[in-house]
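Given chain A's structure and the hints, the job is docking chains B and C onto it.
Chains as they are written, first to last, in the UniProt record's numbering: chain A, 1 to 321; chain B, 1 to 321; chain C, 1 to 321.
FYI, nobody ran anything at the bench for these hints, they're computed from the structure. In this text, a Cβ means the ideal position worked out from N, Cα and C, and glycines have one as well. Any given hint could turn out to be false.
[Unchecked claim] In silico lysine to any residue, SDA-like type, Cα no more than 25 Å apart, as pairs:
1. C/K35 x A/F30
2. B/K37 x A/R307
3. B/K89 x A/N12
[Said to hold, decoys possible] Distance windows between CB atoms, simulated:
4. A/G62 x C/E311: 29 to 37 Å
5. A/D81 x C/R252: 18 to 26 Å
6. A/G88 x C/K212: 33 to 41 Å
7. B/A179 x C/V83: 16 to 24 Å
8. C/R242 x B/K35: 52 to 60 Å
9. C/D222 x A/G88: 46 to 54 Å
10. C/R36 x A/S258: 49 to 57 Å
11. C/A123 x B/H317: 56 to 64 Å
12. A/R242 x C/H249: 34 to 42 Å
13. A/G88 x C/V84: 35 to 43 Å
14. A/Q14 x B/A179: 58 to 66 Å
15. B/E315 x A/D31: 46 to 54 Å
16. A/R246 x B/H317: 56 to 64 Å
17. A/R242 x B/E311: 51 to 59 Å
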Amino acid sequence: MKHYLSISDLKNLQEAVKEGIELKSDPFSFDQLGKRKTICLLFFNNSLRTRLSTQKAASNLGLNTMVMNFGSEGWQLEYNDGVVMDAGKSEHIREAAKVVSQYADIVAIRAFAGLIDREQDEAEVVLNGFLEHATIPVVNMESSVAHPLQALADAITLEEHKTVERPKVVLSWAPHPKALPHAVANSFINMMKLQDAEFVITNPVGYDLNPKITEGCRIVNDQEKALENANFVYVKNWSSYRDYGRVLHQNRDWMMTSEKLGGANFMHCLPVRRNVVVEDAVLDSNQSLVIDQADNRTWAAQLVLKRILKESQLELHADKK
Amino acid sequence: MKHYLSISDLKNLQEAVKEGIELKSDPFSFDQLGKRKTICLLFFNNSLRTRLSTQKAASNLGLNTMVMNFGSEGWQLEYNDGVVMDAGKSEHIREAAKVVSQYADIVAIRAFAGLIDREQDEAEVVLNGFLEHATIPVVNMESSVAHPLQALADAITLEEHKTVERPKVVLSWAPHPKALPHAVANSFINMMKLQDAEFVITNPVGYDLNPKITEGCRIVNDQEKALENANFVYVKNWSSYRDYGRVLHQNRDWMMTSEKLGGANFMHCLPVRRNVVVEDAVLDSNQSLVIDQADNRTWAAQLVLKRILKESQLELHADKK
Amino acid sequence: MKHYLSISDLKNLQEAVKEGIELKSDPFSFDQLGKRKTICLLFFNNSLRTRLSTQKAASNLGLNTMVMNFGSEGWQLEYNDGVVMDAGKSEHIREAAKVVSQYADIVAIRAFAGLIDREQDEAEVVLNGFLEHATIPVVNMESSVAHPLQALADAITLEEHKTVERPKVVLSWAPHPKALPHAVANSFINMMKLQDAEFVITNPVGYDLNPKITEGCRIVNDQEKALENANFVYVKNWSSYRDYGRVLHQNRDWMMTSEKLGGANFMHCLPVRRNVVVEDAVLDSNQSLVIDQADNRTWAAQLVLKRILKESQLELHADKK
Numbered sequence: 001m002k003h004y005l006s007i008s009d010l011k012n013l014q015e016a017v018k019e020g021i022e023l024k025s026d027p028f029s030f031d032q033l034g035k036r037k038t039i040c041l042l043f044f045n046n047s048l049r050t051r052l053s054t055q056k057a058a059s060n061l062g063l064n065t066m067v068m069n070f071g072s073e074g075w076q077l078e079y080n081d082g083v084v085m086d087a088g089k090s091e092h093i094r095e096a097a098k099v100v101s102q103y104a105d106i107v108a109i110r111a112f113a114g115l116i117d118r119e120q121d122e123a124e125v126v127l128n129g130f131l132e133h134a135t136i137p138v139v140n141m142e143s144s145v146a147h148p149l150q151a152l153a154d155a156i157t158l159e160e161h162k163t164v165e166r167p168k169v170v171l172s173w174a175p176h177p178k179a180l181p182h183a184v185a186n187s188f189i190n191m192m193k194l195q196d197a198e199f200v201i202t203n204p205v206g207y208d209l210n211p212k213i214t215e216g217c218r219i220v221n222d223q224e225k226a227l228e229n230a231n232f233v234y235v236k237n238w239s240s241y242r243d244y245g246r247v248l249h250q251n252r253d254w255m256m257t258s259e260k261l262g263g264a265n266f267m268h269c270l271p272v273r274r275n276v277v278v279e280d281a282v283l284d285s286n287q288s289l290v291i292d293q294a295d296n297r298t299w300a301a302q303l304v305l306k307r308i309l310k311e312s313q314l315e316l317h318a319d320k321k
Numbered sequence: 001m002k003h004y005l006s007i008s009d010l011k012n013l014q015e016a017v018k019e020g021i022e023l024k025s026d027p028f029s030f031d032q033l034g035k036r037k038t039i040c041l042l043f044f045n046n047s048l049r050t051r052l053s054t055q056k057a058a059s060n061l062g063l064n065t066m067v068m069n070f071g072s073e074g075w076q077l078e079y080n081d082g083v084v085m086d087a088g089k090s091e092h093i094r095e096a097a098k099v100v101s102q103y104a105d106i107v108a109i110r111a112f113a114g115l116i117d118r119e120q121d122e123a124e125v126v127l128n129g130f131l132e133h134a135t136i137p138v139v140n141m142e143s144s145v146a147h148p149l150q151a152l153a154d155a156i157t158l159e160e161h162k163t164v165e166r167p168k169v170v171l172s173w174a175p176h177p178k179a180l181p182h183a184v185a186n187s188f189i190n191m192m193k194l195q196d197a198e199f200v201i202t203n204p205v206g207y208d209l210n211p212k213i214t215e216g217c218r219i220v221n222d223q224e225k226a227l228e229n230a231n232f233v234y235v236k237n238w239s240s241y242r243d244y245g246r247v248l249h250q251n252r253d254w255m256m257t258s259e260k261l262g263g264a265n266f267m268h269c270l271p272v273r274r275n276v277v278v279e280d281a282v283l284d285s286n287q288s289l290v291i292d293q294a295d296n297r298t299w300a301a302q303l304v305l306k307r308i309l310k311e312s313q314l315e316l317h318a319d320k321k
Numbered sequence: 001m002k003h004y005l006s007i008s009d010l011k012n013l014q015e016a017v018k019e020g021i022e023l024k025s026d027p028f029s030f031d032q033l034g035k036r037k038t039i040c041l042l043f044f045n046n047s048l049r050t051r052l053s054t055q056k057a058a059s060n061l062g063l064n065t066m067v068m069n070f071g072s073e074g075w076q077l078e079y080n081d082g083v084v085m086d087a088g089k090s091e092h093i094r095e096a097a098k099v100v101s102q103y104a105d106i107v108a109i110r111a112f113a114g115l116i117d118r119e120q121d122e123a124e125v126v127l128n129g130f131l132e133h134a135t136i137p138v139v140n141m142e143s144s145v146a147h148p149l150q151a152l153a154d155a156i157t158l159e160e161h162k163t164v165e166r167p168k169v170v171l172s173w174a175p176h177p178k179a180l181p182h183a184v185a186n187s188f189i190n191m192m193k194l195q196d197a198e199f200v201i202t203n204p205v206g207y208d209l210n211p212k213i214t215e216g217c218r219i220v221n222d223q224e225k226a227l228e229n230a231n232f233v234y235v236k237n238w239s240s241y242r243d244y245g246r247v248l249h250q251n252r253d254w255m256m257t258s259e260k261l262g263g264a265n266f267m268h269c270l271p272v273r274r275n276v277v278v279e280d281a282v283l284d285s286n287q288s289l290v291i292d293q294a295d296n297r298t299w300a301a302q303l304v305l306k307r308i309l310k311e312s313q314l315e316l317h318a319d320k321k
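Just chain A, same shape as in the assembly (with noise of 0.2 Å):
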């Protein structure tokens, strides 16, 4: 693996899954491998699990790491061409892509939807900017459109609680006072595809997601009926797709309850706004699979990371011939 922008750059997600469960039941068994290599994150917005969860994937993998905050540490980056750049924008992408590929072997980047201009975010302007003039492999901390190493975390936590060979996972729209980005739900639907497994998504009118994601997905607006025999239900707000970015309402019984949950687990990609998105009742009970998802952030950056490396010793060792 190059780069990991999206699920699909893992091309079999069955045997991903696998190595990751592997990684965490022995940690350190690749330890050497990241020796005298640097991966630098690039964070252009906030952020709690991912983080932590790579700087530990990192550290497991001998990773020499440089944690980077861009916004307040560095300036703004300009991301288009030919702009006589005399306003507030110090830096282009071509050159600080390009003079971050100098000091480390492996960029991951973290940068949201502005939830503003769908075309601008659709285009993933930071990311593939740092794709397009990075000389160094990408690894996507979440972008736009796109939360990759959630969706990969989030398979392997499937893997490890099902019961039955088909599930039924059910993504629940919820409701949330702050617009949110579409990337979490995206990347759980493109891995969804991948899965053996009976897949609904359930919304309101007016938040369907994008029709190029859900193509080919069920997608059902009685929450209820959604609901019916699920074995996972994945909690997610997102914010209006097709009236870009809007919170169109609250909708306060989208909310998901011990009574909707049944005897499903229950999944979500954290911070979870409790009492809004969720009851109390469902986080506190065993049925929670929050936690579990946390830690397998570590595993999912871990394997992505071990495959970036392996791949680069191998292209190394090309070279040499």
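Chains B and C only, in chain A's frame:
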């Protein structure tokens, strides 16, 4: 030692001081103890000495360190149970503490008193929130009402510099333009109660500290009288406890001077405002121990982390039997 | 080398350049030199290249690194002696510098010019404050009037790319919307004075740099004439020195273009504003050395840290005799 929340967690202060001094003379004697283990330092408030000395101590023990400024790099946490989280707080301590426990073997927390609501400050919501919900050892890097790493460093400094069996130690209030917390003074007092010393607290009327903490201590409002024949004078400002968090007056005549100090050693936890809390002549004299105190922060932290790592090793062995 | 404050601390520039190039070809040749030693990077201003390259260099030498953004993670320091510190500043440089010296073996400082008070900027209060009061080696990561790590990286880049014995090097002022410091230009000039080259500075009337620094240098106000037959053109904006810290005009016709550059190599310290300081065609051509310069920041820093570590080893041995 499972956690380090207050000076009393040390059990035997004299042994701890001795062990701290041993680490100082041989800093790398336990550099394998932290191998393949991670400490996460979470700062809810700014820091210089605590930030650097705890990192240094962790490095001496071979620990992997992750530092996070929770406010600016993460988001606001909710600490109350049962709340409908539809306002400014994005994550509940119940999740945050369990999540951090997935990525680290020890978590250290700095979270100051707000100095607005005494009851809330004394509830230590941040530190106790982590203590309750984390599944790993918790270290106090200064909480609302305690700063036990400072107190241990102070105990080491006293031991290194005392020239009589039973010294006279005076904790002397000082003026300051801003309202400051009681944490340093509280922990110093709690530490002094474990010492064989003549201990006197001196502060203006209205500035008596929490009577539960000063219980059994001599409090004198006449500074000159209190300082008579002192061997060590520990100077520190704190805001009023009775008129909670208020600066009643700035009383410049309580500033420590060479004349008042006489032949005693001067101590302060730093940062210190020169010519407000203490005059230049004191800080720039050989009687000042403030840099020794700062140095001993490393050995205090290293001792604490060493004991926690040792304890977790024992638990691991016990689990395996 | 005890400290690295200016390019003249290198003693012999040519040997230093050679040593830097050797480190570049064998980055881990001294990876035991920093073992059990710590460098503390203190940022009073934002940084990308300096932040990452210095961390990378430290890691290559086996150093433990602690990074602190002093303003946002700590507090404001007082640099004047004798002050009654009852306003916004919480700690004096006298304490801060001695304290940091307890936790680190080397301290590196970035603190830009304020560009308001020339005398104060030239006094280098932050850097010199640390130099005076710290008890460990001090490295300049860009101060008010000097950026010697950049200048050393530039010297390495010149050496790697020169094709004639005695190249013509032109330092050419460029327009910029904001007032920028003189540090990079100053250190480049000081470095060029140590080179066997034809060196010309070109800038508009009113933009002459500090005459003490440009003493003995040819300054030409006609850019076209200055650029004739140049081998290297180092482009950089700086604010006025005479009308201290002011942007007199933005003079777009001073922007570097392919036409002006002719066959010369283009250099800039970055970050650079495209189509203001230099047109795209130059940066995107093979004549641009800006990424090589950025790469050489690592080797410049590594050489400096290596020499400081070597020197402290020698002192240690001498102490033991």
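Outcome of the hint check:
1. C/K35 x A/F30: OK: C/K35 and A/F30 at ~23 Å, within 25 Å.
2. B/K37 x A/R307: 23 Å, holds
3. B/K89 x A/N12: 38 Å, violated
4. A/G62 x C/E311: 29 to 37 Å: Holds - the Cβ-Cβ distance for A/G62 and C/E311, about 30 Å, lies within 29 to 37 Å.
5. A/D81 x C/R252: 18 to 26 Å: Roughly 20 Å apart at Cβ, these two residues keep to the hinted range, so it holds.
6. A/G88 x C/K212: 33 to 41 Å: Roughly 34 Å apart at Cβ, these two residues keep to the hinted range, so it holds.
7. B/A179 x C/V83: 16 to 24 Å: About 22 Å separates the Cβ atoms of B/A179 and C/V83, which means 16 to 24 Å holds.
8. C/R242 x B/K35: 52 to 60 Å: 59 Å, holds
9. C/D222 x A/G88: 46 to 54 Å: 33 Å, violated
10. C/R36 x A/S258: 49 to 57 Å: 54 Å, holds
11. C/A123 x B/H317: 56 to 64 Å: 59 Å, holds
12. A/R242 x C/H249: 34 to 42 Å: 50 Å, violated
13. A/G88 x C/V84: 35 to 43 Å: Between A/G88 and C/V84, where Cβ atoms are some 39 Å apart, the hint holds.
14. A/Q14 x B/A179: 58 to 66 Å: At roughly 59 Å between Cβ atoms, B/A179 and A/Q14 fall inside 58 to 66 Å, so the hint holds.
15. B/E315 x A/D31: 46 to 54 Å: 23 Å, violated
16. A/R246 x B/H317: 56 to 64 Å: 57 Å, holds
17. A/R242 x B/E311: 51 to 59 Å: Since A/R242 and B/E311 have Cβ atoms about 56 Å apart, the given range 51 to 59 Å holds.
This entry does not satisfy hints 3, 9, 12, 15, going by the numbered hints stated previously.
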